[in-house]
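Each chain, letter by letter, is given below.
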Amino acid sequence: MTLNEKKFIETALLSDLRIDGRGPFDYRNVAIKFGREDGSSEVQLGQTHVMGFVTSQLVQPYRDRPNEGTLSIYTEFSTMADPSFEIGRPGVFAVELGRIVDRGLRESRAVDTESLCVVAGKWVWSIRIDLHILDNGGNLVDAANIAALVALLTFRRPECTLGGDNDQEVIIHSPEVREPLPLIVHHFPVAITFAFIGSESTVVIDPSNFEEAVMGGKLTATLNTNGDVCAIQKAGGDGVVQSVIMQCLRIASVKAADITNKIKKAVESYNTERALRKIKRHPDPVVDVSKGAGMGVRSLSIEMEKTRLEIEDRKVNRSDDREIETHSSKKTGSRDPYSKGINGDELKASLASRAAATSVEKMDVLPSVKTQFTMIDKTPTEMDSTPSLQQTIEAGEQTIKVKTLMDAVKPKHRRKKKTYPNHDLS
Amino acid sequence: MDLEREGGRGANQLRPLDCSRNVLNRAHGSGSCSHGETRVLAAVYGPKAGTKKNENPEKACLEVIWKPKIGQIGKADKEFEMILKRTLQNICLLTAHPNTTTSIIIQVVHDDGSLLPCAIHAACTALVDAGIPLKYLAVAICCCLVENGRIILDPNKMEEQRMKALVHLVFPSPVQSVLPEGSKEDGIITSLSHGVMTVDDYFQCVKHGRAAVAPLSNILTKKLQSQSPSNQSVAG
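So the protein lines, in turn, are chains A and B.
Each residue of the first sequence is one higher than the one before, counting from 1 in this note's numbering.
Each residue of the second sequence is one higher than the one before, counting from 1 in this note's numbering.
Chain B is faced by these chain A residues, among others (derived, beta-carbon under 10 angstroms):
hint	residue
1	HIS49
2	ALA81
3	GLY137
Since the hints were derived computationally from the structure, they do not count as laboratory data.
No experiment lies behind these values; they were computed from the predicted model shown.
Don't be surprised by glycine CBs; every beta carbon is placed ideally from N, CA and C.
Produce the entire structure from the sequences given, and follow the hints as far as they go.
The structure is reproduced here in structure tokens:
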């Protein structure tokens with residue numbers, strides 16, 4: 001950071017101007033997206049990109065807390081975020097970030113750890129949050145906190161029951177057999193960071209990476225909408241007057257309410273989408289009985305990750321939601337595209353025009369489904385240009401057409417019968 | 001005898017492939033690639049001055065860092081790093097920037113089978129976005145051998161676990177040339193196999209993989225061309 005740039009930022013702030021055009025108390029736009037599995041989130045705060053993944057494992061509890069599960073946070077300051085981040089042991093900032101997020105979530109009892117106990121003193125759930133910093137655009141703490149919170153809210157842990165002789169064996173049920181359970185989160189601690197820049201200690205909220213390079217001090221306040229202060233961190237830096245700190249806390253509580261609303265909305269939309277997927281799942285009664293009894297936990301640590309196994313049902317669901325746009329392409333997806341009835345060139349032309357119309361968005365999980373669907377139909381027409389393979393595929397496709405699950409679902413009828421199950425959001 | 005794959009895919013049908021450039025702001029080049037549900041993010045920093053200790057200073061040096069989704073880097077991840085490094089060393093023009101190091105960082109976002117091909121495509125996209133000079137793009141495909149002897153392409157996680165054997169193949173993307181040439185057979189850049197298969201099966205896999213190269217490289221080049229070039233300066 002050159003002296004000229006430093007002076008420019010400071011003098012601009014004296015007239016309440018920030019270099020990215022924001023006011024001193026304007027927060028950047030938060031965009032929350034979800035990954036394929038439960039418990040994976042991607043948060044974008046301006047130019048800062050953070051991803052969070054939550055997984056669970058059955059372990060033995062700590063000796064002094066035999067009835068509580070554990071929550072641990074691992075931060076990865078990836079070298080892709082900033083050229084100054086080195087690989088190897090986490091640096092000072094990585095550890096500090098991990099500690100702030102940990103205090104906000106665990107020590108404020110936001111996540112209920114007592115509900116994670118399975119057999120007191122023997123088996124408890126250990127929740128592990130991995131935060132990957134992908135892009136450093138400033139204010140990593142806030143973004144990482146939101147990512148951790150959102151991932152925890154959308155995470156589902158497998159249900160387990162006690163069984164076996166004398167009820168001491170834990171049986172973990174797979175997601176198809178029993179619906180996995182969400183974690184109990186009592187309140188949403190949201191971190192808001194302020195930077196103090198210049199000799200007059202001008203306060204700005206949500207510093208960008210340039211502002212972070214010139215700031216004299218930083219204050220992070222973790223608050224929730226109930227008016228509780230979960231954590232405050234001001235580690236050294238320039239001294240600040242008490243009145244300024246109180247002003248910061250007041251502003252932080254307003255911003256925390258905004259962010260909490262955004263989080264709630266995003267999680268709700270994810271839950272409704274997930275519920276839609278669940279409703280359309282093809283029930284398989286044969287699997288229920290055998291799978292439930294067959295699983296037993298013997299070893300100390302068993303990793304349970306959520307996997308989406310019902311891929312075909314999801315594809316059908318997407319076809320329902322976008323029925324109007326991709327009507328003809330859905331037809332070709334479910335039927336044999338190589339049958340003599342459909343003209344290959346016409347199909348290619350129609351798909352090419354549709355593919356050109358859909359815009360490819362970067363890093364979006366939900367909207368990219370549209371492009372996915374057009375791509376499905378493109379690849380078969382391009383792939384099977386080799387004539388020698390085509391005959392075998394044609395024969396194969398026609399004989400198995402009768403059995404696929406897509407034929408079993410009638411999209412138009414299903415649409416009307418959709419009901420949204422009750423799910424509570426704290 | 002016929003194989004029923006998820007989503008009604010045929011044995012030679014690939015999952016929808018999507019790549020996008022310039023997804024990150026700080027990195028000099030970045031790209032994201034997804035094969036169906038499998039998604040990988042790649043970032044490139046470089047060329048930076050100086051090479052590592054035992055590397056040849058007459059050529060550029062490549063450094064690959066693989067970041068798994070959860071946990072610390074393990075043995076399998078180190079193997080992927082080594083494979084990616086050697087594969088990318090083949091496609092980059094190493095003599096263009098001697099005595100420099102280019103770092104490629106790969107982040108696994110979701111693994112639903114066929115992870116290595118997806119990572120190779122993401123790395124190529126990021127290198128193109130960073131403007132590192134390449135000889136050609138690399139096109140990667142995963143071919144599996146099922147119990148009844150059939151070969152399927154681009155398996156997902158469930159299919160990979162049930163496979164008898166599988167092989168990852170990387171081919172150079174066919175270069176459009178002005179000179180009239182006969183049909184030149186391009187060699188295999190990388191071949192990585194798991195499991196036991198007969199020699200004939202292996203060559204069958206190579207044949208099927210090679211058949212997929214042309215459409216795959218068309219999709220890749222179209223995706224890379226259709227995005228507008230970035231005109232932001234990322235220095236500093």
